[in-house]
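S.K.: Below are the chains, spelled out letter by letter.
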Amino acid sequence: MSKLSKKRKQFIFISLLVPVLLLIAFVVFPAVDLFRMSFTDWDGYSPSSNFIWLENYAAMFKNKDLWLSLKNNAVYFVIHLFMILVELAFAVLLTSKLRAAKFYKTMVFMPYIINGVAISYAFSYFFSPVNGAFNSILEALHMESFIRNWLSDEKIVNFVLAFVSLWRFSGYHIILFMAALQSIPQDVEEAARVDGANAWQLFRYVQIPAIMLMVDFVLFDNIRGALQVFDIPFVMTAGGPGYASSTFTLYTIKTAFTFSNFGLASTMAVAIMVMIVVIYVIQNKLIHGLILKDRR
Amino acid sequence: MKRKLIAALLTCTLAATAFIGCGSKEKPSAPVNGGTQTESGENTEPAASGEDLSGTLTFAIWDNNLNDFIEQNDMVGKFQEKYPNIEIEVEKIKDDSEYWNAMKMRASANQLPDVMFNKTFTLARFKDYLVDLSGTQACANNELAAGYAIDEKVLGIPMTSGYEYVFYWKDMFEEAGVTVPTTWGEFEETAKKLQDYYGKDNPDFMAIACGLKDEWPDYPYMEFMPALESGNGQNWNTMAGQDAPFAEGSDIYKAYQKVNSLFTSGVLGKDPLGLGNDQVTSLFATKNAAILALGDWGLQNIQGGAEDISQLGTFYLPTRNSESDPYNVIVQGDSFMGVTTHSKNQDAAVAFVEWFYSDAWYPDYINYVTSASSMTNFPKDKDPVLAEADELCPDKVLIMYDGGGDDFTAIQNETTFDYKKLGAQMMTDGFDLNAALSELNEKWAAARAKLKIQ
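Order-wise, the sequence lines are chains Z and Y.
Numbering follows the working numbering, with no gaps: position 120 of the first sequence is 120.
Numbering follows the working numbering, with no gaps: position 423 of the second sequence is 719.
Among these hints, one or two may not hold up.
In silico lysine-lysine, DSS-like type, Cα no more than 25 Å apart, as pairs [as the list claims (entries may be wrong)]:
1) Lys739/Y - Lys64/Z
2) Lys62/Z - Lys378/Y
3) Lys716/Y - Lys62/Z
4) Lys71/Z - Lys746/Y
5) Lys748/Y - Lys466/Y
6) Lys62/Z - Lys746/Y
7) Lys748/Y - Lys62/Z
8) Lys566/Y - Lys155/Z
9) Lys374/Y - Lys748/Y
10) Lys640/Y - Lys449/Y
11) Lys64/Z - Lys746/Y
12) Lys466/Y - Lys566/Y
13) Lys739/Y - Lys71/Z
14) Lys716/Y - Lys155/Z
15) Lys64/Z - Lys374/Y
16) Lys378/Y - Lys640/Y
Rather than coming from a laboratory, the hints here were simulated on the basis of the structure.
Note that the structure is a prediction, hence the values are computed from the model and not measured.
All chains should be modelled from the sequences, with the hints used to inform the complete structure.
M.R.: Shown next as structure tokens:
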């Protein structure tokens, strides 16, 4: 082996060693420990815990408040899923030659870079029943009949929170789509145009298949984000009223810290990981198998 | 060669990081009785000379008022006049909820601060991590500490005596033609009259301000009323020994029926679930609400938002059914300062506790806050606003509140009984209190059986 080849191998080994060790220390080891804890009754502060087999898993399935919380996650998931189409349309629009496109891009991305907790606080005052800006706007427009208890009506609270989540994250998805759209070779699009493709055909048969990897990522990010949504409901409603706007993560944290049941909370964390994978696989099958017919 | 060395160092650092968390958990050392504990387990008296003690102490707090006072009055500098070799690092945590989360995690990692605070409901949780302070002068001079001893060990010295008040605007009461209520029925009636009187012109008006969006502000009702109803400060612990504590006719059943009746009568305004405590306190301070139930600490917040408090008055929450019943009033030790077993400088930490409750610091602090003194050697006259409650209620019966011991906490965790959330749930559409209490009874009995609590 030449000296150069040896050095190259050493460099590759060390370059890999560092991220692998980091991964083991901060991802693999905690994940394995999380899985181990999910079979225990650890209270979060005692030096010891008991192995209780599948008791936590059984308790989790019987917990109706937890499943109500999961139902709330579904609201975020579905709304964001439908918005992905709108986000795509915006991305196409902003990628085309549009006057002041840079300004729009900045405006669209701005909510994502603002601190999530700050946004949540701002919106909780925006939707406040007393001196709230949103109700004042409705009053100014003589639309008093539309005024609701935005943060305490069980029927609408999740939609209000999902709207805030949309406001915050849509710009991020749009920017991702734009980056993918801009990476499509110009000649492919031009060739399609020469062949007589209209804007819709260009979008449907050229742009979408070309950015499918990014669409996949955004779809996965939507599942992950929807199942792990935390800061917005935590700050704006603390999961209330009752558990009406609680989410799976919020309930998991409450289980761990309020009810000192880290074992059960670990079980929930394992469940959320499994759910993310399962929903992603199903969604992938549906989108690629049924809708796109495996066209990439 | 140099690169190899750097790579090897990096690798070692990472490996060490990875294995830090794998170390065996040190069993918390047993609390000691008086003085401090040496490694051999013997008790020693705190060192006589300040210069003999050294080390760095971490002092974790959540209280904004205490934090302000510490910063404004150079606590560390004053302490070091007596103990020049002890450093104090004050660690301010956002609020008490975050505080307990942080402390739980740090307890499991053997990294509790040297000096920490507890509430009545967390003392049992952290009892294995707290040193017995029963031999200290601070304990001897504290009027409440011994009452909260667990297994005859004093695990924290309460910084204040906590009383609960109902704040009200006297001029608003007078204008609406109502007087200070002395029974629960009168209290409900007064609130309704106020709501009718002011609510007709001001749709945002709340007869009783209660920021249920945060859930915890209902604690004067949901946490304390069962104890006030029964006249038993140990009510939670009594419940831990019962299979059906929420059954019809029980004290908690009666208390929660009263709260439910009050909350659902419309006296909390148009949307109490949409407002947090800060918002309702501001609205009360600007007279958009007539009544606000909070602890003595709440006075400082009201003063901060009100232009004039000359018309501000207080009374104790009248939970009794008739004037012939005793007028029960909650009192509790608050902010129990304790020394943790994780402290590497327990002698210094105990010395700090002694100093904190001494003439050098405590009198100025207790006069700065609106809360009552818990120290017999530093009595404090109540703020005139708070003293009004005593004038209105000369026959009060003090109920010393206990937040619940091990058994109660274990059952509460198992059943996920959250009394503060339950109070907020009362305001939701379709909520059935009787069904909720019945379900709690079932869960309670199952939890007791599972946990083998007699």
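S.K.: Could you grab the alpha-carbon distance between Lys640/Y and Lys449/Y and see if it respects the 25 Å cut-off?
M.R.: holds, 21 Å
S.K.: Are Lys64/Z and Lys374/Y close enough, with their CA atoms no more than 25 Å apart?
M.R.: violated, 54 Å
S.K.: Are Lys748/Y and Lys466/Y close enough, with their CA atoms no more than 25 Å apart?
M.R.: violated, 52 Å
S.K.: Lys716/Y and Lys62/Z: Cα distance at most 25 Å?
M.R.: Given that 25 Å is the threshold and the Cα spacing comes to 23 Å, the pair holds.
S.K.: So if I understand the rule, the pair passes when the alpha-carbon distance is 25 Å or less; does Lys739/Y with Lys64/Z pass?
M.R.: holds, 13 Å
S.K.: Lys466/Y and Lys566/Y were given as a pair; does the straight-line alpha-carbon distance stay at or below 25 Å?
M.R.: holds, 23 Å
S.K.: Verify the proposed pairing of Lys378/Y with Lys640/Y, using a straight-line Cα cut of 25 Å.
M.R.: Holds, at about 20 Å.
S.K.: Are Lys374/Y and Lys748/Y close enough, with their CA atoms no more than 25 Å apart?
M.R.: Violated: Lys374/Y and Lys748/Y sit about 51 Å apart, past 25 Å.
S.K.: Can the restraint linking Lys64/Z and Lys746/Y be considered satisfied, given a maximum Cα separation of 25 Å?
M.R.: holds, 20 Å
S.K.: Between the alpha carbons of Lys62/Z and Lys746/Y, is the straight-line distance 25 Å or under?
M.R.: holds, 16 Å
S.K.: Need the status of pair Lys716/Y, Lys155/Z: alpha-carbon distance at most 25 Å?
M.R.: holds, 22 Å
S.K.: Between Lys748/Y and Lys62/Z, is the straight-line Cα distance small enough, at 25 Å or below?
M.R.: holds, 21 Å
This entry does not satisfy hints 2, 4, 5, 9 and 15, going by the numbered hints stated previously.
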